[in-house]
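Protein chains: 4
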Amino acid sequence: MSNFGSDNVTGAHPKVMEALSAAAAGSATPYGGDDWTARVQDRLREVFEKPDLLAFPVATGTAANALALATVVPPYGSVLCHADAHVHVDECGAPEMFTGGAKLVPLAGTDGKLTPQTIQAAIDHAGVRDVHRVQPAAVTITQATEAGTVYSVAEVAAIAECCRRNGLPLHMDGARFGNAVAALDVPPAEVTWKAGVDMLSFGATKNGCWAAEAVVFFDPALARDFVYRRKRAGHLFSKMRFVSAQLEAYLADDLWLANARHANACARRLAEGLSAACVDLAHPVQANEIFAHLPPATQARVKDAGFVVIPWPDLGTDAVRMVCAWNTDMADVERLIAVVAGRAA
Amino acid sequence: MSNFGSDNVTGAHPKVMEALSAAAAGSATPYGGDDWTARVQDRLREVFEKPDLLAFPVATGTAANALALATVVPPYGSVLCHADAHVHVDECGAPEMFTGGAKLVPLAGTDGKLTPQTIQAAIDHAGVRDVHRVQPAAVTITQATEAGTVYSVAEVAAIAECCRRNGLPLHMDGARFGNAVAALDVPPAEVTWKAGVDMLSFGATKNGCWAAEAVVFFDPALARDFVYRRKRAGHLFSKMRFVSAQLEAYLADDLWLANARHANACARRLAEGLSAACVDLAHPVQANEIFAHLPPATQARVKDAGFVVIPWPDLGTDAVRMVCAWNTDMADVERLIAVVAGRAA
Amino acid sequence: MSNFGSDNVTGAHPKVMEALSAAAAGSATPYGGDDWTARVQDRLREVFEKPDLLAFPVATGTAANALALATVVPPYGSVLCHADAHVHVDECGAPEMFTGGAKLVPLAGTDGKLTPQTIQAAIDHAGVRDVHRVQPAAVTITQATEAGTVYSVAEVAAIAECCRRNGLPLHMDGARFGNAVAALDVPPAEVTWKAGVDMLSFGATKNGCWAAEAVVFFDPALARDFVYRRKRAGHLFSKMRFVSAQLEAYLADDLWLANARHANACARRLAEGLSAACVDLAHPVQANEIFAHLPPATQARVKDAGFVVIPWPDLGTDAVRMVCAWNTDMADVERLIAVVAGRAA
Amino acid sequence: MSNFGSDNVTGAHPKVMEALSAAAAGSATPYGGDDWTARVQDRLREVFEKPDLLAFPVATGTAANALALATVVPPYGSVLCHADAHVHVDECGAPEMFTGGAKLVPLAGTDGKLTPQTIQAAIDHAGVRDVHRVQPAAVTITQATEAGTVYSVAEVAAIAECCRRNGLPLHMDGARFGNAVAALDVPPAEVTWKAGVDMLSFGATKNGCWAAEAVVFFDPALARDFVYRRKRAGHLFSKMRFVSAQLEAYLADDLWLANARHANACARRLAEGLSAACVDLAHPVQANEIFAHLPPATQARVKDAGFVVIPWPDLGTDAVRMVCAWNTDMADVERLIAVVAGRAA
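First to last, the protein sequences are chains L, H, G and B.
In case it helps, full-length UniProt numbering puts the first sequence at residues 1 to 345.
In case it helps, full-length UniProt numbering puts the second sequence at residues 1 to 345.
In case it helps, full-length UniProt numbering puts the third sequence at residues 1 to 345.
In case it helps, full-length UniProt numbering puts the fourth sequence at residues 1 to 345.
No wet-lab data here; the hints were simulated from the structure.
For each residue, glycine too, the CB sits at the ideal point set by N, CA and C.
Careful, some of the hints might be misleading.
To be verified - Within a straight-line C-alpha distance of at most 25 Å, the following computed SDA-like cross-link-like pairs (lysine to any residue) qualify:
(1) L/303 to B/127
(2) B/15 to B/5
(3) B/15 to G/253
(4) G/194 to G/132
As the list claims (entries may be wrong) - Below, a sample of chain L positions facing chain H; criterion: calculated Cβ distance under 7 Å:
(5) 9
(6) 17
(7) 25
(8) 27
(9) 30
(10) 60
(11) 92
(12) 94
(13) 232
(14) 234
(15) 242
(16) 293
(17) 296
(18) 316
(19) 317
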């Protein structure tokens, strides 16, 4: 493919499709009472080395994030997040809808990252126990971030420690969680619950599934009323196995990590190639996204050569985003580099 | 299959799976900008003989219903519905969530049906323009009904006329719309917009898809803010083609009607067989659902024979629901009849 | 006054006005940090013999009810109430708004009363722990009821016992609580927390104040997030003493009970007089409201004589409501009786 | 009074109390059908030279703001406001609650003011018609601002022109509207609808009333569903005259402007005196609020002398707010100046 616009322009991985086809025949208990869904939870318990986690399949990242947050954030609460966070900028107010009107508090942070300092400052400023103010109720971070960077285990742990000190649950928007874990090359547990993450939106859609995410509660107590909220939001699927079968294939043999490693490798190569061609990168490239400044003439050349990249005006009029995916062809990466470098058209 | 518990215990029709597999390769514009989604709308315009209708794929019936209603019902509004309506009884308050707290007003009605008389009486009683009262804002009917019956074209038209007189949009929950159209054997337009229906939740999940519905606005003006509400509810899929490909296959060559006709035929045969065995049916069997009174001993026999039927306590302690689906084996129907009749075990 | 339309057509009792005038001078801590508010809580603790109750002044009964319910009812919850309950019928969906979309479940009941049996049947029918159903989260009863009747202590206790068995908090809408207590002639504690009531909307507006209610939590733990919800709803008054001063005067020397006794006595006399004139009463008259069937000619006579009574179509085309208040003139009562009896014009 | 903490520490003006006392006797049509309420609307039409405006009394500024905004802002909408706006910072999320979850977008601005440039930039950045983003739906400005400054007529008109160009209604939070009009010394119409303001929260509580505000719609069409929203929020008072009588007295003989002029004069004198004493003011003093930097020793002296001023940490650890009110004693102002200047203790 020569479409570097997003990882969501991809379809589904052949193994995911196979699993879905295999699941199509026969009858199964509806609404998640099926075997696929049970096996997905078992498998996630293994993957995360946490035998008591609770996992709930849903079909969009927006649903996963909004449902997870709504489980712990009251209507008079606030969610501290990065100013560029998907939950704040790209979900048309879903967290507000699902929480019944909580407020998202956007915080600044280099390369898409929050720090314990910015979080603590926001809490100090928030007016805790002041009835005139919305009350901090959760922190959410995105891993990999919206800037294509990856929180280290230590960075997550420091944020989690700050959350714990303030009695706030920590949610991780893992729309590109696979890319982050692949980049960090650590066991998934290390960068989640062992570091202090309470809830994870475990994304699979961008990385090889059709429409599959799992809301993972590492502390099962937090999941108390999740199932009612999910149903009420229209996100409980009668034929749940259609989501769970995707997830099962995605998790089997660590397909998710293999896919993510491939996407990351393509992005790394692309970043190197662009840098070598004197292209200015807006953020370190640590996962599968590249944000770069491309002069108009270069952008025109890229377009003429049949590549799709996306203008990213927040970073400047010459900024673009390029995303590599599980099915990106490395040859396309090389060709794109050559076009940018002016060695090909 | 010998599972008569529900039509949602089924998987997906082979043609739906084929279409999905075919759609998996290659890249596509995300969020519904793809060709599949465009073709589904075109096809629905043909099917409904309405070139300006707007259709939006979603993945659950609850989402379809709640989103459609929220588009026209303000928070201080009410939705008039049958007391057994899925929106009122089985969606954990989804319409309340999506509308921001509107009230569902359950109305009585024989065999799952509303009438213009009950609707008008409810409106007369509602306190229109009285600020102390929630204001009637929509009427919703289910076709086929929750009682397994089917509104005739004339019945729908009479309800719609009542709605129009009172300035209320009419929504149709078509979770089993295919079964209703197959039963009526009329063009879909006749029992929807030509009869005065404004919005349809066109259900496909129960009748051969995995997770696919379309919210159809026959009056495109009503769809004004639908797209924001869908996104905000987490029901806008990045890889939308995964829903649209299902719908495309479902609509192609009228697969939806063929599936529905089969399910209805099975149900009709089952109803005849049960009646012949002196079983008391709770409602006329007009689509693919049968509600029947089965003595405990018979129920035990049915269970021992490996059949799944569902207790239906609302109709009495001896009541059960049996549902036939697109993939029900007629031989299983005959066997079930024989078991009930005491001719087999 | 000859206005028997409602107890809310009255102004404020002279002692309430005096107290308000006295409170007008000088500065005070805003938002309820003032002495009046502290004294009202102290006084309510005395009145209810409950030293740890928490009381929060608000200015409308709708706010009191909706805030109290929202404190304990999640968005996916339901509130069991009488079909004629003010919260269900006359608040334009306030409980739905404040809870974020919970469902009110209207239950039938003679003379405006719920019974443990109807409540238990509703719970049994509700689908507790079924994710497809809204979950029962509270019961609310109105004392005096919307039918002008009064729950006995035993009746309240029986309902509370049913609530406790089902883990549901019991709320009492006491818009006419004074009238009920005056009618029962028991200590307020007996018919509230000692009988098992958890939360009370202690109404004062109808019975001599301008705009004053107190939300009383007998179990302080239930009040956890009340203060945020009140502020967020715009019901935290900066000059709170204007509500609290009313309540202080209302509670002083049991003005509230004296007012209520007077209103009840007027109503009792009116009911006797009407009965003697062969007027059919729709409900027993136990507090300050009378529901009666008056032939059209009688209604015309009443109107011509300058009396205001309110048509009450729910009880029939000939039905009217008459309400006696703290300032009703007994001479007007006698005159009204005479007019109805045809002895005066 | 020596309480400079806020204008809401005051009680009610004697004329307001007189009017309230006079209104207490006799019966009146409840829920705003009374004569006081009608007269208030008439009087506001005169005051604003706008015979078709619609005005609705409520009792708190938070209710006024949240209801006004909810009338025009859908759940998926956003409200552009100053970062220090009361609606954003001090209402515990009331606009979010009343709109069903809209987003407030805080914008920077010197001395508490928005400009057309910051508003336009925010709109340009917002993603208009992008379904992933909340949609700009209203602009709100505070007059006088939270910084104690006052928008000139030209400044309001420029903002309104920007709003009109973008199709956004303009709301004015007039919690201290009297102070602003007194400062500008222009007819109220000039700085509201003639300048392009669509809706005004006309505040009276801080400036001499107990609890009285009016939501004013200069374009009556915008008020369409206001009455249902007000009722549903528990802000429709049965004995509405208690609010309206306050407003009537407040508007009579321009008491509101006299009160505001007094408060402003006190503040002006205080600002002059502080400046003369080399105190650094954080914002220009244009209405009745002073924000100043006072060294700790000075703050201690002020406190010891019996004055209440409020720490204002947002402006620095040495910052305080002082507010003059309709009943501030000019002698107290002089004494406070003397204490700050070290000429008195």
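Here is what the structure says about each hint:
In summary, the hint linking residue 303 of chain L to residue 127 of chain B is supported, as the alpha carbons are separated by about 23 Å, within the 25 Å threshold. Straight-line distance between C-alpha atoms of residue 15 of chain B and residue 5 of chain B comes to about 24 Å, which keeps the hinted pair within the 25 Å bound. Between residue 15 of chain B and residue 253 of chain G the CA atoms are separated by roughly 29 Å; this puts the pair beyond 25 Å, and the hint is violated. For a cut-off of 25 Å, the pair hint linking residue 194 of chain G to residue 132 of chain G is broken: about 36 Å separates their Cα positions.
Residue-level restraint check for residue 9 of chain L holds (minimum Cβ-Cβ distance to chain H is 4 Å; threshold 7 Å). Given the 7 Å rule on beta carbons, the hint for residue 17 of chain L holds: about 5 Å separates it from the nearest Cβ of chain H. Among the interface hints, the one on residue 25 of chain L holds; its C-beta lies about 6 Å from the nearest C-beta in chain H, closer than the 7 Å criterion. A hinted interface residue such as residue 27 of chain L counts as satisfied when its beta carbon comes closer than 7 Å to some beta carbon of chain H; here the least separation is about 4 Å, so the hint holds.
Interface restraint check: residue 30 of chain L against chain H, minimum CB-CB distance 4 Å, threshold 7 Å, status holds. A cut of 7 Å between beta carbons decides the hint on residue 60 of chain L: the least distance to chain H is about 5 Å, and the hint holds. Interface restraint check for residue 92 of chain L: the shortest CB-CB distance to chain H comes to about 4 Å, inside 7 Å, so the restraint holds. Proximity of residue 94 of chain L to chain H holds as hinted, the smallest CB-CB distance being about 5 Å (cut-off 7 Å).
A distance limit of 7 Å between C-beta atoms decides the matter here; for residue 232 of chain L the minimum to chain H is near 4 Å, and the interface restraint holds. Interface restraint check: residue 234 of chain L against chain H, minimum CB-CB distance 3 Å, threshold 7 Å, status holds. Residue-level restraint check for residue 242 of chain L holds (minimum Cβ-Cβ distance to chain H is 4 Å; threshold 7 Å). Checking residue 293 of chain L against chain H: minimum C-beta separation of about 24 Å lies over 7 Å; hint violated.
Annotation: residue 296 of chain L was flagged as interfacial toward chain H, and the flag is violated, the nearest CB pair being 24 Å apart, outside 7 Å. A hinted interface residue such as residue 316 of chain L counts as satisfied when its beta carbon comes closer than 7 Å to some beta carbon of chain H; here the least separation is about 24 Å, so the hint is violated. Hint on residue 317 of chain L is violated. Least Cβ distance to chain H is approximately 24 Å, over the 7 Å limit.
Checked against the numbered hints above, the structure breaks hints 3, 4, 16, 17, 18, 19 and satisfies the rest.
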